[in-house]
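Just so you know, the protein sequences line up as chains L and E, in that order. Heads up: the first sequence begins at 1 in full-length UniProt numbering, then just goes up one per residue. Heads up: the second sequence begins at 1 in full-length UniProt numbering, then just goes up one per residue.
No lab work stands behind these hints, which were simulated from the structure alone. Keep in mind that a hint or two might mislead.
Label-pair ranges, simulated between beta-carbon atoms [to be verified]:
1. R64/L <-> A314/E: 58 to 64 angstroms
2. E38/L <-> T291/E: 35 to 41 angstroms
3. R129/E <-> E38/L: 20 to 26 angstroms
4. Y302/E <-> E38/L: 51 to 57 angstroms
Computed from a predicted model, the values in this text were never measured in an experiment. Glycine included, C-beta positions come from ideal geometry on N, C-alpha and C.
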Amino acid sequence: MIKTVAELKRGEKGIIKEFADDILPIKLLELGCLPGNEIELVQIAPLKDPIYINVNGSHIAIRRSMAKLIELEIIEDAHLL
Amino acid sequence: MSKQINVALIGNPNTGKTSVFNQLTGLNQKVGNYPGITVEKKEGICKLPRGVKAHIIDLPGTYSLNTTSLDESVAVELLLNKNDKDYPDVAVVIADVENLKRNLLLFTQIKDLRIPTILVINMADRMSRKGISIDIELLEEKLNTKIALVSTRKNVGIDHLKELISDYKSLSISPNIDTTVIAPEYFERLKTTFPKEDLYKLWLVITQDVNFMPIEKNLFQNATSFATKSKPELKRLQQKETILRYQFINGILKQAHKIDLNAAKGLRATLDKILTHKVFGYLIFFLILLTIFQAIYVWSEYPMDMIESFFANASELVKNTLPPGVFTNLIAEGILAGIGGIVIFIPQIAFLFLFIALLEETGYMSRVVFLMDRIMRQFGLSGKSIVPLISGTACAIPAIMATRTIENWKERLITILVTPFTTCSARLPVYLIIIGLVIPEGRFIGLSYQALTLMLLYLIGFFTAIFSAMILNKILKIKSKTFFVVEMPNYKLPLVKNVAYTVLEKTKSFVFGAGKIILAISIILWFLGSNGISDDFKNAEQIVENRITNQGLTKFNSDALEIDMANYELALKDSVANKTNTISNLAIQDSVAKKYTELFERAKRQEIASYKLENSYMGYMGKAITPIVEPLGYDWKIGIAVLTSFAAREVFVGTLATIYSVGSDEEDTITNRMAAEVNPKTQKPLFNLASGISLLLFYAFAMQCASTLAIVKRETNSWKWPLGQLVFMSVFAYIIAFIAYQILK
Numbered sequence: 001m002i003k004t005v006a007e008l009k010r011g012e013k014g015i016i017k018e019f020a021d022d023i024l025p026i027k028l029l030e031l032g033c034l035p036g037n038e039i040e041l042v043q044i045a046p047l048k049d050p051i052y053i054n055v056n057g058s059h060i061a062i063r064r065s066m067a068k069l070i071e072l073e074i075i076e077d078a079h080l081l
Numbered sequence: 001m002s003k004q005i006n007v008a009l010i011g012n013p014n015t016g017k018t019s020v021f022n023q024l025t026g027l028n029q030k031v032g033n034y035p036g037i038t039v040e041k042k043e044g045i046c047k048l049p050r051g052v053k054a055h056i057i058d059l060p061g062t063y064s065l066n067t068t069s070l071d072e073s074v075a076v077e078l079l080l081n082k083n084d085k086d087y088p089d090v091a092v093v094i095a096d097v098e099n100l101k102r103n104l105l106l107f108t109q110i111k112d113l114r115i116p117t118i119l120v121i122n123m124a125d126r127m128s129r130k131g132i133s134i135d136i137e138l139l140e141e142k143l144n145t146k147i148a149l150v151s152t153r154k155n156v157g158i159d160h161l162k163e164l165i166s167d168y169k170s171l172s173i174s175p176n177i178d179t180t181v182i183a184p185e186y187f188e189r190l191k192t193t194f195p196k197e198d199l200y201k202l203w204l205v206i207t208q209d210v211n212f213m214p215i216e217k218n219l220f221q222n223a224t225s226f227a228t229k230s231k232p233e234l235k236r237l238q239q240k241e242t243i244l245r246y247q248f249i250n251g252i253l254k255q256a257h258k259i260d261l262n263a264a265k266g267l268r269a270t271l272d273k274i275l276t277h278k279v280f281g282y283l284i285f286f287l288i289l290l291t292i293f294q295a296i297y298v299w300s301e302y303p304m305d306m307i308e309s310f311f312a313n314a315s316e317l318v319k320n321t322l323p324p325g326v327f328t329n330l331i332a333e334g335i336l337a338g339i340g341g342i343v344i345f346i347p348q349i350a351f352l353f354l355f356i357a358l359l360e361e362t363g364y365m366s367r368v369v370f371l372m373d374r375i376m377r378q379f380g381l382s383g384k385s386i387v388p389l390i391s392g393t394a395c396a397i398p399a400i401m402a403t404r405t406i407e408n409w410k411e412r413l414i415t416i417l418v419t420p421f422t423t424c425s426a427r428l429p430v431y432l433i434i435i436g437l438v439i440p441e442g443r444f445i446g447l448s449y450q451a452l453t454l455m456l457l458y459l460i461g462f463f464t465a466i467f468s469a470m471i472l473n474k475i476l477k478i479k480s481k482t483f484f485v486v487e488m489p490n491y492k493l494p495l496v497k498n499v500a501y502t503v504l505e506k507t508k509s510f511v512f513g514a515g516k517i518i519l520a521i522s523i524i525l526w527f528l529g530s531n532g533i534s535d536d537f538k539n540a541e542q543i544v545e546n547r548i549t550n551q552g553l554t555k556f557n558s559d560a561l562e563i564d565m566a567n568y569e570l571a572l573k574d575s576v577a578n579k580t581n582t583i584s585n586l587a588i589q590d591s592v593a594k595k596y597t598e599l600f601e602r603a604k605r606q607e608i609a610s611y612k613l614e615n616s617y618m619g620y621m622g623k624a625i626t627p628i629v630e631p632l633g634y635d636w637k638i639g640i641a642v643l644t645s646f647a648a649r650e651v652f653v654g655t656l657a658t659i660y661s662v663g664s665d666e667e668d669t670i671t672n673r674m675a676a677e678v679n680p681k682t683q684k685p686l687f688n689l690a691s692g693i694s695l696l697l698f699y700a701f702a703m704q705c706a707s708t709l710a711i712v713k714r715e716t717n718s719w720k721w722p723l724g725q726l727v728f729m730s731v732f733a734y735i736i737a738f739i740a741y742q743i744l745k
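All chains should be modelled from the sequences, with the hints used to inform the complete structure.
Put into structure tokens, the structure is as follows:
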């Protein structure tokens with residue numbers, strides 16, 4: 001099943017999959033949103049949008065619409081194992 | 001040859017770049033604008049070892065050299081243009097120790113431009129707390145540069161940095177990364193077309209515009225003509241470049257950088273949870289806003305009172321010490337009144353920027369953006385619009401400049417267009433004076449009517465802004481990609497020095513920016529009000545004196561005189577009865593007679609002054625527009641004040657002060673003078689509830705600020721928007737004020 005950043009729960013992590021070239025703004029890539037990097041959902045705003053992620057050491061807030069474009073491979077949460 | 005070294009400070013936002021700049025330059029700095037655009041230009045002088053001086057430019061914060069905004073393009077253009085007088089001999093890249101990886105992306109790009117580049121790792125004092133260890137020597141070797149570990153908070157490492165800057169010639173300028181591998185064939189073609197140019201520089205010139213939103217400029221038109229690739233293709237290459245750079249950086253950091261993740265969490269997570277909580281988050285934000293308003297209204301009252309009485313005294317002093325004449329009047333009534341009208345705003349502006357600086361410095365502002373984005377979006381705004389809308393309560397000019405952080409053009413444009421509705425500090429003096437005059441003093445559940453009115457006006461301003469945003473969102477047909485990325489920086493204790501500099505800077509720019517216009521207008525007004533050509537003006541004394549001899553004082557003045565005299569007599573008799581004063585009955589009569597003459601003379605002078613003004617140039621101008629403003633409940637004097645306010649609102653009070661004090665020897669406080677004004681038609685006080693509310697509403701909605709219009713023109717790069725704003729807001733204001741007056745009168 002395909003999962004995107006928008007579907008993560010608070011504290012969940014995933015690894016960014018390869019994505020199509022033109023989807024994300026270059027600024028997001030510069031902040032570390034690159035294929036293979038780990039992404040963690042830190043906070044969700046009170047009205048469920050925007051969301052606040054930690055990717056590659058960068059703490060950034062993005063809107064849900066953009067988060068839906070970032071596909072993930074889910075890694076099991078270390079705490080649950 | 002001059003010994004001055006050009007140094008460019010460059011770095012990601014939130015890395016403490018400004019702190020480093022402040023540490024290097026101290027008060028030897030100035031803030032201006034880049035020619036033709038509103039991007040702030042900060043530069044300063046720093047003394048280096050061995051008598052060398054450095055000219056330091058603090059470039060706008062950027063994540064990379066792939067520009068997405070005007071601010072960023074300023075930084076890139078300087079680094080690309082060898083002919084610029086500020087072209088750096090050495091670039092200093094400021095990195096934050098916690099985000100080293102991301103900061104190095106920018107570093108490698110600059111290094112590849114073959115500019116000698118020093119790496120500053122800032123906030124080094126946090127290293128041990130965050131479990132970070134860095135092998136500096138290894139990092140220096142791999143990046144082929146020199147590194148300064150700095151802590152601006154603890155004032156550590158700045159001397160080492162100065163040492164490195166003065167020794168910049170020994171830095172290697174060889175690039176870190178060979179970018180051509182992302183598209184060998186393309187770069188080969190470039191090389192044959194431009195054999196003399198540096199390939200990486202060419203590449204940056206070509207891609208400068210790729211990520212831009214609408215209004216940007218085209219310095220490199222020639223260069224783009226050989227951009228043989230389409231924009232999406234170039235963008236893809238930029239992505240490839242970014243990935244390539246991160247590969248390089250990751251490789252190095254794996255060896256030279258270690259982080260113990262267990263030590264890294266803590267305060268940040270806790271604070272985030274509270275500050276972005278669905279109840280506490282909004283509550284805290286609301287409390288902070290309340291505190292800011294409290295500071296602007298209550299705390300700044302003390303210094304403002306002092307300033308006001310200082311200028312009143314100064315004006316009095318000038319009139320009493322200098323020989324009477326045109327020159328003395330110019331100083332006392334034109335210049336001093338004008339300067340006083342500017343200085344009076346300083347406490348409020350300083351307070352507002354103090355708070356904004358604190359919120360930005362601590363990292364809290366980003367949380368507000370995060371909290372508010374979803375709500376603001378419903379009105380076609382962005383979470384980032386909240387900053388301009390709040391700053392707008394000080395002044396629309398910095399507020400509109402602050403919209404630059406909004407990447408989405410439509411959201412940004414709407415924010416720019418509605419910000420002038422928020423109640424700026426220039427409206428405040430108008431509000432305060434009118435409210436004091438027309439709103440009764442009683443209380444409603446412990447809150448004074450006057451305070452409630454003021455609050456209501458702020459709410460009206462804010463909701464009009466939001467409401468117009470909603471409408472604009474519906475009618476503006478602009479397509480632009482949603483693009484919202486906000487960095488959530490770590491929480492920090494604000495640095496006193498940074499906050500102090502910001503406050504100083506913003507206050508200075510207000511005093512010297514808006515202040516010039518206000519002063520000029522004050523002087524022009526003084527001239528127009530104290531000169532005239534008609535015989536009525538020249539023979540004013542004679543005409544008024546004849547009138548008083550024949551008909552007595554005007555009804556209002558004679559009534560006021562009667563009341564004043566009765567009070568005076570009563571007080572005098574009371575003091576005798578209480579034995580605080582021992583004078584005979586005869587002496588009382590004497591004293592009363594003297595007082596009467598004094599008051600009568602004063603009333604006469606005021607009538608002369610008023611008659612003169614009525615027949616001065618300004619009087620004629622005011623009368624010409626009377627038919628337009630009469631339906632709003634104003635007379636020609638208010639008409640003039642409204643007219644001059646179209647240059648800047650705060651001029652309203654200054655204009656009235658000038659109108660009423662011209663020719664009068666007594667420096668009555670302006671409020672008393674206004675309260676004494678009578679509507680010649682109704683013989684009732686001119687400032688009554690109906691005309692007062694009408695004025696308040698007019699000022700709440702009208703676009704009366706030439707400086708704001710100029711800024712909007714610059715930011716939108718077209719006259720269409722500011723002119724639309726001017727016409728729409730003013731017509732709207734007129735209609736609302738008209739309705740209010742006609743209902744209430």
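Hints and how they fare:
1. R64/L <-> A314/E: 58 to 64 angstroms: holds, 59 angstroms
2. E38/L <-> T291/E: 35 to 41 angstroms: holds, 39 angstroms
3. R129/E <-> E38/L: 20 to 26 angstroms: Once the Cβ atoms are compared, 23 angstroms apart, the range 20 to 26 angstroms for E38/L and R129/E holds.
4. Y302/E <-> E38/L: 51 to 57 angstroms: Given a distance of about 54 angstroms, which is inside 51 to 57 angstroms, the answer is holds.
Every hint, counting from the list given before, is met by this structure.
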